[in-house]
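So the chains spell out like this:
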Amino acid sequence: MKRTALFLLSTLLFTSCLKEAELKKPFVSFTPRQINDGWEISTPSQENIDPDALAEIYRDFHADSDIWQVRSLLVFRNGKLIAESYTKDDNDITTPRAIWSCTKQVVGLLTGIAIEKQMINNVNDSISTYLTETSLYQDKKNIRIEDLLTMRSGISYSNDGLAGQSDDILRQLPDKSTDFILGRHLQDIPGVNAQYKDCDPQLVSAIIQSQCGKPTAEWAKEVLFAKLEIKNLRWNNYKDGITLGGFGILTTPRELAKFGQCVLDSGEWKRETIVSKEWIKQMTTVRIEDMYGYQFCYLWWRDKNRGMTFMWGHGGQYVCIIPSKNLIVVMTAEVNTQDDFQFNKGVFNWVDRIVQIAD
Amino acid sequence: MHCVFQVCRKSRHMTSNKLKFKQMKLSIISLLFLLLFFNCRGQGNEISRNSFFSPGFAQVKEGANFGLVFNGPAMNYGMNWDFKNGKRMITFGYELGVGVLFSKSIPALGIYLKPAEFAYMFRFPGSNSRLFIGPSLKFEYNYYLYPQLQSGFDYWFTDFSCGVNARYDFKYRSSSFQLMANSSLMGFVSRQPVYRDPYFFDLGFKYAVRDLHQNLTFASLEKYNTTKLEILWKPRLNSRFTLGYVFNYSGYYQAPGIRLVSHSIKIVINKKQK
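If you're matching them up, the sequences are chains C and H in order. My numbering puts the first residue of the first sequence at 315, with every later residue one more than the last. My numbering puts the first residue of the second sequence at 3, with every later residue one more than the last.
Hints may contain errors.
Lysine to aspartate or glutamate pairs mimicking EDC-like chemistry, simulated, CA-CA at most 20 Å apart [to be verified]: (1) K106/H x D654/C; (2) K553/C x E48/H; (3) K106/H x D404/C.
Listed below are several chain C residues computed to face chain H (Cβ distance under 8 Å; list not exhaustive) [stated by the list, open to error]: (4) S330; (5) A335; (6) L337; (7) I355; (8) W382; (9) A412; (10) G562; (11) L564; (12) E648; (13) V649; (14) Q652; (15) D653; (16) F655.
Label-pair restraints from in silico Cβ distances [said to hold, decoys possible]: (17) E603/C x K106/H: 45 to 55 Å; (18) V100/H x K455/C: 48 to 58 Å; (19) A118/H x C331/C: 42 to 52 Å.
No lab work stands behind these hints: they were computed from the structure. All C-beta atoms, glycine included, are put in the ideal place defined by N, C-alpha and C.
Bound conformation, chain C alone (with noise of 0.2 Å):
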């Protein structure tokens, strides 16, 4: 009897184990939702996407327990959203979340308002005609607008770990970011090597927020997001009140989608000129041949092989342009998972499918 009683309620805590939850839900269906965001919505059929393959494609994305992480996948063709699903939560087609370094592609686009607008003069301009902190920081004025937009500053400036400065930044030590940047020692000379790094998109932030008189943020929202028709984005400041220009947007897929749209469209949406054509076509023009393997231009990507223009942000978020097809993919993935543990291997083959069945 007791040996018994002892048996069973061993086999009873040895089978005593937590189960994963479902990461994903299993798909169901890519047809887009009415939602009145500004978006058309039509059919992988109506827009020469074979939707079964689609379908195909949307089935394996939901059921790949290699990429956990991702929360959504988007397709737009000729201007229209033709597909969506959200792998957890289907409150993600409104509720917005971080983009992170997606931000970075925002600040591109409205440099270019700002110089169309002639807030800025041009990209070779120093920085210290616009930044009065330069004039405590001899060093920097040389660094012309253009440095920034490619990483090519040589301020000794670190994204990474704990020892990287961004993560001062995201622990609001510095008072002033403006300061705290051109501050760091110069260790480059600028416009020469480009590193991939915060700082540089910051500044550019602290430069626009210098001419517009306001936060970027909400001079963003007068000339680019409004006519975007964007309504669930939000942009923080630092605490000394300059917009970040890194990182810092939380917005939805959708939205997201809308600034890739723009530039497919050189600059319009809905047939309204948002940024010049003349600045579409510079910043997506490639300024370094390799950046972790890929191009990078006015703080835009580009993968030559493809023939894409890319967001992309940390964790996963990606918005692909494929010119040549009228198409855009966009995907994005929980937030904040780190080095390999983030959506990024094999990325682009989901975009790669996508583009095989679009004729």
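Guided by the hints, dock chain H onto chain C, whose structure is given.
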């Protein structure tokens, strides 16, 4: 890409008066147990003392972790004192543990602290009863650090629990066995709320310490439970070593929920007997 190691947290302090009141109540309960402890100690009871190691397998499922379950090895160390006579038994112990857990290769660090656990048990009615049962009080701290999730974050789950403890000792041939069960019934629980500002955060040891008792509130079974089951086998009555199996469960049921499960082998070194 942007890669930082950050700990997301937000200061949510209780009012100091409320906290003081709760701490006072806890102090009174603790004092009562200490009085009982010394009372029993002074009556010439059988006293045994042992220390133990318990290597095992631990699992954590945090509400904040997308549904991932972290699994991995854990090792605990602790000491126990038993004071026993024919009518009652008092036990006192402490325990420390550490675990390195993984989910999809994502690492997590777990730290377990139990600075004190008391049980005051009476012999269950019956002339030959080997069952002792009675109230218990324990203080537990669970700390989990996830450096690769949420840009790095950590959480505390703390409980000061009153519960029930039961122990059944019996002999089988030349061996002796001990079955022990403990479950919390009510107490004070602190579960660090999820704070997921995706951009700004606090970081540093002082923040981790600050969150030890964050939002400490009274709770009972509908909100949390900690349960421990233990089977010990002593090969011979005078053996210095006792082997056993321990199952631990802790659950906090309100968002952000947490479930902790561990299965361990317990190796007890019986140090001294009077």
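Hint numbers not upheld by this structure, sorted from lowest to highest: Of the numbered hints given earlier, those the structure breaks are 2, 3, 7, 17, 19, listed in rising order.
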